[in-house]
Amino acid sequence: MPTSLRTALRYVVLAAIALVVLFPLYVTVVNALLPGPQIARRPPTLFPLHPLWSSFATAWDEGSLGDYLRTSAIVAVATTLAELATSVLAAYAFAFLEFPFKRALFACCLATLMVPAEVTIIPNYRTIQVLGWYDTYTALIVPFVASGLGIFLFRQSFRQVPRELRDAAVLDGYGHWRFLLRVVLPLNRPIVGAFCVFAFLGSWNQYLWPLLVTNTNARRTVQVGLRQLEGLNVAQQNVIFAGTILAALPIFAILLVFQRQLVRGLTAGALKG
Amino acid sequence: MPTRRHPSRYRRRDALLAYAMILPAFAAFGVFVFFPLVRTVYLGFYRVPPFPGLPSRYVGFSQYATVLSHSQFLEPLWLSTLFVLFTVPTGILLGLGMAVAAQRQLAGIRIFRTIFSSTIATSVAVASVIFFTLLDPTSGLFAYWLGERGGTGILGNPTLALPAVAAVTVWQNLGFSFILMSAALSSVPEEILDAAAVDGATGWRRFARVTVPLISPTLFFAGIVGVISGFQSFGQIDLLTQGGPNGHTNVLLYQIYTTFYQDADTGTAAVMAVALFVILVLLTLAQFTVVQRRVFYADEP
Chain U
1 MPTSLRTALR YVVLAAIALV VLFPLYVTVV NALLPGPQIA RRPPTLFPLH PLWSSFATAW
61 DEGSLGDYLR TSAIVAVATT LAELATSVLA AYAFAFLEFP FKRALFACCL ATLMVPAEVT
121 IIPNYRTIQV LGWYDTYTAL IVPFVASGLG IFLFRQSFRQ VPRELRDAAV LDGYGHWRFL
181 LRVVLPLNRP IVGAFCVFAF LGSWNQYLWP LLVTNTNARR TVQVGLRQLE GLNVAQQNVI
241 FAGTILAALP IFAILLVFQR QLVRGLTAGA LKG
Chain W
1 MPTRRHPSRY RRRDALLAYA MILPAFAAFG VFVFFPLVRT VYLGFYRVPP FPGLPSRYVG
61 FSQYATVLSH SQFLEPLWLS TLFVLFTVPT GILLGLGMAV AAQRQLAGIR IFRTIFSSTI
121 ATSVAVASVI FFTLLDPTSG LFAYWLGERG GTGILGNPTL ALPAVAAVTV WQNLGFSFIL
181 MSAALSSVPE EILDAAAVDG ATGWRRFARV TVPLISPTLF FAGIVGVISG FQSFGQIDLL
241 TQGGPNGHTN VLLYQIYTTF YQDADTGTAA VMAVALFVIL VLLTLAQFTV VQRRVFYADE
301 P
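So the protein lines, in turn, are chains U and W.
Per the numbering used here, the first sequence starts with residue 1, numbered consecutively.
Per the numbering used here, the second sequence starts with residue 1, numbered consecutively.
One should not assume that every hint holds.
[What the hints assert, rightly or not] Simulated coverage check for chain W against chain U, where a stretch passes if three residues somewhere in it have a Cβ under 8 angstroms from a Cβ of chain U:
no. : segment
1   : 44-57
2   : 60-71
3   : 198-208
4   : 227-237
5   : 245-252
6   : 262-276
[Claimed, not checked] Here's a subset of chain U near chain W, in silico, CB distances under 10 angstroms, partners left out:
no. : residue
7   : Leu-25
8   : Ala-82
9   : Gly-132
It is worth saying that the hints were derived from the structure and are not from the lab.
Quantities reported herein were computed from a predicted structural model and do not represent experimental measurements.
A virtual CB, placed ideally from N, CA and C, is assigned to each residue, including glycine.
Just chain U, same shape as in the assembly (with noise of 0.2 angstroms):
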């Protein structure tokens, strides 16, 4: 086969491809921007002559999108700042630090990955009843403040800081938290990058649990906040579609720009394997 040819092939299976990937999203799209009863015209409209944004703006206020976002912005920060702090001061003493048990206790912490927050749910639903933090940020974010992931991926990397550094930061009179601080951290900027974008997208993508502890749209996550944004009449899909939107672009925004740090987290447990 001459390769002009070839090429054209494999430029025909890209495009294939890309457009059973894009097609659902750029349906969405169009569908945001009819008006809603159009829609459901048959011929299907699949190109927005006269495009109408308001369904933005419906959307965000009376589909309560603003107040969705708010809240799963705001979640979703104080998780990942939450789990970033306490995996690292948890990963540091066992990276640095010799005390009793503590190989048991990080068995402990590897442990605690083989139990998912599904399996919980039921215990856990009622402490937050009995601790009166239904329908609050704390119940969104307390659960979820400690990673055993998070403590395993930074102690393997701590114990990659040269020997030598830890000798001359003694050296320097630098004592613990200096050094983790000033020398640690800063070493291991890329896997600190990389385990906050995941945090941040895990704690944004939660579903059955926002659903299990809020009931106002308020404290509603915009993941549940679909849910609700799902149950608008037929005219109205329109702004169903626009929600969607709404509620995958900061996300979108997101993977932008921390392409890097996403693609080296995706990458970091399956290729050492």
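With chain U fixed as given, assemble chain W onto it according to the hints.
Positioned in the frame of chain U, the structure of chain W alone reads:
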């Protein structure tokens, strides 16, 4: 002479500092991981009476025996297994295919790579709501193209509902799978592929005999993550079918949720949650031991 452990092996100050540093994480693990795990097992020993207000009764393991042999558990378990079989191999194969297609340096390939990764920006909820609307039997575009007009629609069809939910899940995970597989392919050393070509292995043969073994750790990882997240699927069921029609998409986690949240049958739900936990642990361990023997690790001597 037996030696006693040297008393100064741990420096007191260091040990105290270490405990202080692990305390925040362990406090959270204690309250929200270990306690509820034990508590779930314990709740499984108590039968909740069908009428509210009456106290729960201790029945020990008998509730485990009843629930785990009952169709209310076995059917959702089977549906979860089917869901995993529908989603995991398809997701890995499609991601790998896309990665192979986008591997060659062509003009504009970056645009294609960005498009192929794009579904990673959607969440389960976003994807589900989009497809729910597009599959709506009276107004949805996909329903229209598939010849559905009125009636129950695909999501209301007992045979098609679960495959449809699986298809939405696969689509939502394409970006993740593509990024993972692309990274694996680009980690295969050029020299090995060249050497294989010199030995006469090209095209499909080289891919099957050289590339696939070399990326097997990633395939293995994607398999584990896929199976585990398949058993934890909830959002797409809740948003697309709510377990219906007539229980045909009522996967294990959804069954646990409705038993607990709607029926308030804590005991039964706890037994099923324990079962889900055991399944996930066993799957992880089993896959590790079975696949590890066949997986090729590049850094092994």
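Hints, verified against the model:
With a threshold of 8 angstroms between beta carbons, the proposed coverage of the segment 44-57 of chain W by chain U is violated, since 0 of its residues qualify and at least three are required. With 0 residues having a beta carbon nearer than 8 angstroms to a beta carbon of chain U, the segment 60-71 of chain W misses the requirement of three or more and the stated coverage is violated. Check on the segment 198-208 of chain W: 0 of its residues sit with their Cβ under 8 angstroms from a Cβ of chain U, so the three-residue criterion for coverage is violated. Counting residues of the segment 227-237 of chain W whose CB falls under 8 angstroms from any CB of chain U gives 4; the rule of at least 3 is met.
Three residues within the 8 angstroms Cβ limit are the bar, and the segment 245-252 of chain W against chain U gives 0, so the coverage statement is violated. Counting residues of the segment 262-276 of chain W whose beta carbon lies closer than 8 angstroms to any beta carbon of chain U gives 6, which meets the minimum of three for the stated coverage. Because the smallest distance between the Cβ of Leu-25 (chain U) and any Cβ of chain W comes to about 7 angstroms, under 10 angstroms, the interface hint for this residue holds. The interface hint given for Ala-82 (chain U) holds, since its Cβ lies 8 angstroms from the closest Cβ of chain W, which is under the 10 angstroms cut-off.
A cut of 10 angstroms between beta carbons decides the hint on Gly-132 (chain U): the least distance to chain W is about 15 angstroms, and the hint is violated.
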